[in-house]
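> Given these sequences and hints, build the entire structure.
This is what each chain is made of:
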Amino acid sequence: MFIPFSYSIKNILTRKVTTILTASGMALVVFVFTTILMMAHGLEKTLIDTGSYDNGVVIRKGSGAEVMSWVSRSQASIIESDPQVAIGIDGKPLFAKELNVLITLPKKGDNKQSNVTIRGIGDASMKLRPQIQLIEGRMPKPGSSEVAAGLSVVKRFQGVNIGRNLRFGMRDWNIVGIFDAGNTGYNSEIWGDNDQLMQSFRRPVYSSLIFKLKDSSEFGKLKERIEKDPRMNHEIKRETKYYADQSEMMAKFLRILGMSLTVIFSLGAVIGAMITMYAAVSSRVAEIGTMRALGFQRRSIMGAFLLESLLLSLTGGLAGLFFASFLQFFTISTMNFQTFSELAFSFSLNLNIALKSLMFSLVMGFVGGVLPALRASRMNIVDALRQA
Amino acid sequence: MYIIKLLIKNTFRHKLRTCLTVLSVAIAILAFGLLRTVIDAWYAGVQASSVNRLVARHAVSMILTLPISYKEKIRQIEGVKIVSYGTWFGAFYIEEKNFFANFAVDPKSFLELYPEYILQPDEKSAFLRDKKSCVAGAKLVKRFGWKIGDIVTLKGTIYPGNWEFVLRGIYRGKNKNTDESQFFFHFDYLNETLKKTVPARADQVGYYMIEVASADLVADVAIRIDKTFHNSLAETLTETEKAFQLGFVSMSDAIITALRLVTFIVIVIILAVVANTINMTARERIGEYSVFKTLGFGGWRIAGLIFGESLIITMIGCTVGIILTFPSANAFANTVGSYFPTFNVTMDTILLDIMFSILVGMLAAIIPTYHSIKIPIADGLRRIG
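In order, the protein sequences belong to chains E and F.
Residues in the first sequence are numbered from 1 upward in steps of one, following our numbering.
Residues in the second sequence are numbered from 1001 upward in steps of one, following our numbering.
It is worth saying that the hints were derived from the structure and are not from the lab.
Here a beta-carbon is modelled for each residue, glycine too, at the ideal position from N, C-alpha and C.
One thing to keep in mind: the hints can contain errors.
FRET-style restraints, in silico, Cβ to Cβ [as the list claims (entries may be wrong)]:
no.: 1; chain 1: F; residue 1: Gln1120; chain 2: E; residue 2: Arg255; range: 38 to 44 Å
no.: 2; chain 1: F; residue 1: Lys1174; chain 2: E; residue 2: Lys155; range: 42 to 48 Å
no.: 3; chain 1: F; residue 1: Asp1226; chain 2: E; residue 2: Val363; range: 57 to 63 Å
no.: 4; chain 1: E; residue 1: Val363; chain 2: F; residue 2: Lys1005; range: 38 to 44 Å
no.: 5; chain 1: E; residue 1: Arg378; chain 2: F; residue 2: Met1347; range: 44 to 50 Å
no.: 6; chain 1: E; residue 1: Ile9; chain 2: F; residue 2: Arg1013; range: 27 to 33 Å
no.: 7; chain 1: E; residue 1: Met249; chain 2: F; residue 2: Pro1327; range: 33 to 39 Å
no.: 8; chain 1: F; residue 1: Val1268; chain 2: E; residue 2: Pro4; range: 33 to 39 Å
no.: 9; chain 1: E; residue 1: Ser72; chain 2: F; residue 2: Lys1155; range: 42 to 48 Å
no.: 10; chain 1: F; residue 1: Gln1120; chain 2: E; residue 2: Val363; range: 54 to 60 Å
no.: 11; chain 1: F; residue 1: Glu1192; chain 2: E; residue 2: Glu218; range: 41 to 47 Å
no.: 12; chain 1: E; residue 1: Gln131; chain 2: F; residue 2: Ala1243; range: 48 to 54 Å
no.: 13; chain 1: E; residue 1: Ile78; chain 2: F; residue 2: Arg1201; range: 47 to 53 Å
no.: 14; chain 1: E; residue 1: Pro83; chain 2: F; residue 2: Ser1050; range: 22 to 28 Å
This is the structure in structure tokens:
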């Protein structure tokens, strides 16, 4: 025989202050938990969107990131003539030799200097990254002092807009276009002609090579060919892998920090739930005795109290999730320790995260409620009735 | 005296509930203390910087280099006392995850400029004499189990290849916030190797460190240095060491802001737990309070009872939390110490711990007190549970 569901609900509603306080403690923990999951997911999404599985990136062995890598012109030609490089519809190889340097620009608002990546591009750079849309103006012409800026550079840095000039590398660069690269790292970059940029930064070498693979499944052979070539000291990675490696440290840092915070906070909230449930049990001793006398089994008593605790935590969980879902409107930008460049990503919620958060709140409710429920179910009928 | 006895008796009437509440306050204070310490660790470089030191770097970007010839030009500028230079070497030990700060420096001027790095006199002379030598901080040495005389091989990222160094000295920090996890070696070793392998990259330094004769000349000297190199191929940006360090910190602004927010969330969570406990306790004792009122005790006495109990609980929790903070901070530093140069629990953190505990204790008692005082005696006596 089960105790009606409404018994648990009514109990929760009777003590409004206690319910609100306990549930809000849980809500905050779930909020933090969800935020961390959303952050990790957002970061991952940014990286996956940034790279394409069928593109290869060539950088100098051991450099880890484009900024620290270099490829000489002759080495670039060796790779360019590799049969694995796909040919575009115009008959030219889908192959770009790129330059990657960092400059600092003042941010809007607080005037603080922050790093921006300057990418010297070739003809194929745009074609290799179909996720990038030109939203205003045009792309820089080869051989000119023109640049195009990513949307988040325009939004977050001072003096970056179409028609304006930027001064770096002892030259003025005219901003002729703005591109939107969606959720990807390219949005925090400024692009210009690579030969012009190499000249002005006095850098006679490229940073990286990027190209589309003719046959993606042949990647292993290509890798071996490049890495064993005595003329090269470079490595090739799939673009997706390259970007995932770049923010590995960041992702790990967020994960460790997030998980330790969640564990500590959830301890607090579980104890809160336990206090509430113990109080609920001890103030209802007579009721429990009566129910047992009426024939309700120990199991049902335990079930009713556990249910009450679970309902309480679910309320908290839903509230936490509700508030966390508003974070989707925010974008965070922070420095990637591995590349020293800006990394912008947004909080992103999906069904999996929502379910995980609710599950987490239920677990907290269960852990907090199980001991008090056990105590309630173990009560002796006569003693309980006498206590009233 | 009786009132204190009554307070303590009241507090421990529900032993389990009080213990649980104290435990959760302790956990929250512990979390708060650790988070504050993490934030402090972020700013350690800023706090350790001296007021009369300047850093000059390439105006366009940190990754671009300045010619070594600037040293003499900077030295001629009025107000400059010592000039030293260095380069971020960016190498790692065996594996990429063994990351630590390593710099190529000009040893003699560097040690003059940074008196807070203390080396034994014999270690110092050994370091200055041997061009292939290096010195490392005590924490770093402990992390990798190095000994003096060991050959340490680093793998370069910015400067490719395997680089061998002989550990000639272990430096200790003069102050508690001095970073003891860095690694320094002779710039000449790097430069001479580069001259042989990549001559185009030789004779280039990452930054200049400048000591100014007196603190009030700092701003003028910075402007003079930048003016000297204005309109040259490598324009400089000179700022105080503090601003330079802050520049690094501000790049990870978002994380710090998030951490700060989280420290407040933990306070709010704990407020909810304590408020709940006090609220339940007060409600159970409405009858008793009514008896007090009948006997002629005023509202203030009752308020004192509730506030006192609330404060006793939070303060016990706070004490336990503070005591636990120190061993946990040590454990934390041992596991993820490689991310943070220094990890010390400061006095400020402890004061904030105490302040927030008092605040939580007070806030938690407000509503229950209000209810207990407002309720008419007859209603209070009639109410059960």
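> Next step is simple, just say for each hint if it's right about the structure.
Taking the hints in turn, this is what the structure says about them:
For the pair glutamine 1120 of chain F and arginine 255 of chain E, the supplied restraint of 38 to 44 Å holds, since their beta-carbon distance comes to about 41 Å. Lysine 1174 of chain F and lysine 155 of chain E have their C-beta atoms about 45 Å apart, which keeps the hinted 42 to 48 Å range intact. Range check, aspartate 1226 of chain F to valine 363 of chain E: Cβ separation about 58 Å, and the 57 to 63 Å hint holds. Hint check: valine 363 of chain E to lysine 1005 of chain F, Cβ distance near 42 Å, so the stated range 38 to 44 Å holds.
Distance hint check: the CB atoms of arginine 378 of chain E and methionine 1347 of chain F are about 48 Å apart, consistent with the given range 44 to 50 Å. Take isoleucine 9 of chain E and arginine 1013 of chain F: their Cβ atoms lie about 30 Å apart, and the range 27 to 33 Å holds. Our hint of 33 to 39 Å for methionine 249 of chain E and proline 1327 of chain F is violated, since their Cβ atoms are close to 27 Å apart. For the pair valine 1268 of chain F and proline 4 of chain E, the supplied restraint of 33 to 39 Å holds, since their beta-carbon distance comes to about 35 Å.
In this structure, serine 72 of chain E and lysine 1155 of chain F break the distance hint of 42 to 48 Å, their C-beta atoms being roughly 22 Å apart. A hinted range of 54 to 60 Å holds for the C-beta pair glutamine 1120 of chain F and valine 363 of chain E, which are about 55 Å apart. Taking the beta carbon of each, glutamate 1192 of chain F and glutamate 218 of chain E are about 44 Å apart, inside 41 to 47 Å as hinted. A hinted range of 48 to 54 Å for the beta carbons of glutamine 131 of chain E and alanine 1243 of chain F is inconsistent with their spacing of about 38 Å.
Judged by the Cβ atoms, the range 47 to 53 Å given for isoleucine 78 of chain E and arginine 1201 of chain F is violated: they are separated by roughly 22 Å. A hinted range of 22 to 28 Å for the beta carbons of proline 83 of chain E and serine 1050 of chain F is inconsistent with their spacing of about 59 Å.
Of the hints listed earlier, those the structure fails to meet are numbers 7, 9, 12, 13 and 14, in rising order.
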